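Enquirer: Top line first, the protein sequences correspond to chains A and B. Residue numbering for the first sequence follows the numbering used here, beginning at 1 and increasing consecutively. Residue numbering for the second sequence follows the numbering used here, beginning at 1001 and increasing consecutively.
Read the hints as simulated data drawn from the structure, not as lab findings. Just to be clear, a hint being listed does not mean it is correct.
Unchecked claim - Just a few of them, taken from the derived set where beta-carbon distance is under 10 Å, the chain B residues facing chain A: (1) Lys1005; (2) Arg1009; (3) Tyr1012; (4) Glu1016; (5) Lys1023; (6) Arg1027; (7) Gly1032; (8) Asn1090; (9) Met1093; (10) Ile1094; (11) Lys1095; (12) Lys1096; (13) Tyr1098; (14) Val1099.
Said to hold, decoys possible - Below 20 Å or equal to it, Euclidean Cα-Cα: the simulated PhoX-like pairs (lysine-lysine) are: (15) Lys123/A with Lys1023/B; (16) Lys129/A with Lys141/A; (17) Lys1011/B with Lys124/A; (18) Lys1019/B with Lys1081/B; (19) Lys124/A with Lys1081/B; (20) Lys1251/B with Lys80/A; (21) Lys14/A with Lys1081/B; (22) Lys80/A with Lys129/A; (23) Lys1250/B with Lys80/A; (24) Lys1019/B with Lys123/A; (25) Lys1025/B with Lys1081/B; (26) Lys123/A with Lys1011/B; (27) Lys89/A with Lys1250/B; (28) Lys1095/B with Lys1195/B; (29) Lys14/A with Lys89/A; (30) Lys1095/B with Lys80/A; (31) Lys1005/B with Lys14/A; (32) Lys1023/B with Lys1005/B; (33) Lys1251/B with Lys1095/B; (34) Lys1081/B with Lys1023/B; (35) Lys123/A with Lys1005/B; (36) Lys129/A with Lys89/A; (37) Lys14/A with Lys1250/B.
As the list claims (entries may be wrong) - Chain A side only, calculated, beta carbon under 8 Å to chain B, not exhaustive: (38) Phe42; (39) Thr107; (40) Ala117.
Note that the structure is a prediction, hence the values are computed from the model and not measured. For each residue, glycine too, the CB sits at the ideal point set by N, CA and C.
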Amino acid sequence: MGKQTLIVDNVGMKFNLGSEKVDSLKDYFIKSLKREIKYDEFWALKDISFTLERGERLGILGLNGAGKSTLLKVIAGVFKPTEGTVTRKGRVVPLLELGAGFDRQYTGRENIYLYGAVLGYSKKYIDSKFDEIWEFSELGKFIDVPLGNYSSGMKSKLGFSIATATNPDILILDEVLSVGDAKFRKKSEKKIMSLMDNGTTVLFVSHSLEQVQRICNKAMILEHGTLVNIGGIEEVSKQYKEMIDK
Amino acid sequence: MEHLKTFYRRKYLLWELVKKGVKLKYRRSYLGIFWSLLEPLLTTIILTVVFGTLFGNTTKSYPLYILCGRLMYTFFSAGTKSATRSIRSNAAMIKKVYVPKYLYPMSSILFNFVIFALSLIILVPLTIYCQVSFTYRWFYLFIPLILIILLTFGVGIILATIAVFFRDMEYLWDVSLMFIMYTAAIFYYPERLLKSGYAFLLNYNPLYCVISVFRACILGTGLSNELRNIIFAAGFSVVSIVVGTFVFYKKQNDFILHI
């Protein structure tokens, strides 16, 4: 305990909102001739700094557009922040949208290896975890069916099973605990809990305050890309409630 | 150094992506991977009939001559095309997980190379059929093969970067490929063009240079006349790889905002 696994230092993320999207040469020429390309700057995140220690579970609260998902993507390394730095110690497993790395034509079995490789596991490691993943995903004989024939629930279950088959040092969860049926939801929540007992640091976004309170021991409030408050779950969720009710 | 280390750690992912490309290419077709042999064979037959029989080109080694050009062109065109599309077609993944982005164009070129390497087998029966004798020069094949993969990678990574910002590049490249094909002497003999005032079309087409080296190995004419072609193709490839890697590296953090 007491070891910092995630240091977010003064992070800002700027987007250029092209007033119109330009993605073809023709558009570009016409619009630059007519001087129609102008960029509105938009800071989705500004001056965000915080640190998390091993085993801490941070809930991120905020209304739509507050910058929650952007922050998670910066931490996951998908976005490179415009300013500031993010230091991560150990393996980061992002669960941003379950099954986004899957291939439709591939079977469940093949996708386990592909997605595992994307998350940075070795073949040997996936081999050793395969049965566990398969069992947890509840796919049964569908494991050898192409993913195109899966229901969205099945896909999410498979994604969740692969991503949590290991002990990541930092786990990033964006609205993913609403996966599958009630039974699977319970099971996945339990799985997250057991990961956390093993010292995984968790960042968690959910619109359900009650769920955040159940899982996290710390919370932060984002508003228009700035950090309003960060602290113990009790205090911050109380403040958040007041914000909503205002 | 740091880059080599991350590359080493990601080699399994690269392998998985290459495997995926090969596996999915022929999935659900009855003949499967066998198509990678059948397709060049059939197009060679067609081209031989059209340009050999109908246009009266009766040189015995002509079908082999065509096949050499066809094989190399097919790899170059398939490799650069799929590299061009590689960032966009992996958009879903790029948006969710951090993976070194050069793996996408790299893997799409490598999987095409695997299919290309398999299709090279067809050269053996056709050499026998054309009664061309096998010479030790086949051992030099590694030279044009290395050249073509470097060339494809260099051109591919430049196109991949451009295509993120200007999607028109995909279509523009399809058209350009046609021009490159016609100026690479695939189904005609280059001599007449070389003697005309338009020799530069061939001499400055790196694909033609590589194909010419490749043919010299297979047809057994030897590499002594090919030195110029080897140097030009190698120089072109190295420059395009350096330029491509540089622009890709500079621009890769912006990719996500455009896909």
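Enquirer: All the hints need checking, so say for each whether the structure fits it.
Expert: Here is what the structure says about each hint:
A cut of 10 Å between beta carbons decides the hint on Lys1005/B: the least distance to chain A is about 13 Å, and the hint is violated. Contact between Arg1009/B and chain A, as hinted, is supported at the beta carbon level, the nearest pair being about 7 Å apart and thus within 10 Å. Checking Tyr1012/B against chain A by beta carbon gives a least distance of about 5 Å; that is within 10 Å, so the hint holds. Annotation: interface hint on Glu1016/B holds; nearest CB of chain A at approximately 4 Å, less than 10 Å.
The restraint placing Lys1023/B at the interface with chain A holds, with a minimum CB-CB distance near 8 Å, inside the 10 Å limit. Interface restraint check: Arg1027/B against chain A, minimum CB-CB distance 6 Å, threshold 10 Å, status holds. For Gly1032/B, the interface hint is violated, since its Cβ never comes within 10 Å of a Cβ in chain A; the closest pair sits about 14 Å apart. Using the Cβ-Cβ criterion of 10 Å, the hint placing Asn1090/B at the interface with chain A is satisfied: the shortest such distance is roughly 9 Å.
For Met1093/B, the shortest C-beta to C-beta distance to chain A is roughly 5 Å, which falls under 10 Å, so the interface hint holds. Checking Ile1094/B against chain A: minimum C-beta separation of about 7 Å stays under 10 Å; hint holds. The criterion of a C-beta within 10 Å of any C-beta in chain A is met by Lys1095/B, whose closest approach is roughly 6 Å, and the hint holds. The interface hint given for Lys1096/B is met, as the beta carbon of that residue sits about 4 Å from the closest beta carbon of chain A, less than 10 Å.
Given the 10 Å rule on beta carbons, the hint for Tyr1098/B holds: about 3 Å separates it from the nearest Cβ of chain A. For the restraint placing Val1099/B at the interface with chain A, the shortest Cβ-Cβ distance is roughly 6 Å, inside the 10 Å limit, so the hint holds. Note on Lys123/A and Lys1023/B: the hinted pairing holds, with a Cα-Cα distance of about 18 Å set against a maximum of 20 Å. About 18 Å separates the Cα atoms of Lys129/A and Lys141/A, which keeps this hinted pair within 20 Å; it holds.
Between the alpha carbons of Lys1011/B and Lys124/A the distance comes to roughly 13 Å, so the proposed pair stays at or under 20 Å and holds. Proximity of Lys1019/B to Lys1081/B is assessed by CA-CA distance (about 18 Å); at most 20 Å being required, the pair is judged to hold. A threshold of 20 Å between alpha carbons decides the hint, and for Lys124/A with Lys1081/B the separation of about 33 Å lies outside it, so the pair is violated. Using a Cα cut-off of 20 Å, the hinted pair Lys1251/B and Lys80/A holds, with the two alpha carbons roughly 12 Å apart.
Distance hint between Lys14/A and Lys1081/B is unfulfilled; the C-alpha atoms sit about 32 Å from each other, more than 20 Å. Between Lys80/A and Lys129/A the CA atoms are separated by roughly 32 Å; this puts the pair beyond 20 Å, and the hint is violated. A C-alpha spacing of about 13 Å is found between Lys1250/B and Lys80/A, which places the hinted pair at or below 20 Å, so the restraint holds. For a cut-off of 20 Å, the pair hint linking Lys1019/B to Lys123/A stands: about 13 Å separates their Cα positions.
Simply put, Lys1025/B and Lys1081/B have alpha-carbon atoms about 14 Å apart, close enough for the 20 Å limit, and the pair holds. Distance restraint check for Lys123/A and Lys1011/B: the Cα-Cα separation of roughly 10 Å lies within the 20 Å cut-off, and the hinted pair is therefore satisfied. With a C-alpha separation of about 26 Å, the suggested pair Lys89/A and Lys1250/B falls outside the 20 Å cut-off, and the hint is violated. As the CA atoms of Lys1095/B and Lys1195/B are separated by approximately 53 Å, the hinted pair breaks the 20 Å bound.
The suggested pairing of Lys14/A with Lys89/A is violated, with an alpha-carbon distance near 25 Å, which exceeds 20 Å. Restraint check for Lys1095/B and Lys80/A: satisfied, since their Cα atoms lie roughly 12 Å apart, inside the 20 Å limit. At most 20 Å may separate the alpha-carbon atoms for a hinted pair to count; Lys1005/B and Lys14/A exceed this at roughly 30 Å. For the hint pairing Lys1023/B with Lys1005/B, the CA-to-CA distance comes to about 28 Å; that exceeds 20 Å, so the pair is violated.
Using a Cα cut-off of 20 Å, the hinted pair Lys1251/B and Lys1095/B holds, with the two alpha carbons roughly 16 Å apart. Taking the CA atoms of Lys1081/B and Lys1023/B, the gap is near 18 Å; set against the 20 Å cutoff, the hint holds. At most 20 Å may separate the alpha-carbon atoms for a hinted pair to count; Lys123/A and Lys1005/B meet this at roughly 18 Å. About 23 Å separates the Cα atoms of Lys129/A and Lys89/A, which puts this hinted pair outside 20 Å; it is violated.
For the suggested pair Lys14/A and Lys1250/B, the alpha carbons sit about 18 Å apart, so the restraint of at most 20 Å is met. Annotation: interface hint on Phe42/A violated; nearest CB of chain B at approximately 12 Å, more than 8 Å. Contact between Thr107/A and chain B, as hinted, is not supported at the beta carbon level, the nearest pair being about 10 Å apart and thus beyond 8 Å. Nearest Cβ of chain B to the Cβ of Ala117/A: about 4 Å, under the 8 Å cut. The hint holds.
When the structure is compared with the earlier hints, violations turn up for hints 1, 7, 19, 21, 22, 27, 28, 29, 31, 32, 36, 38, 39 and for no others.
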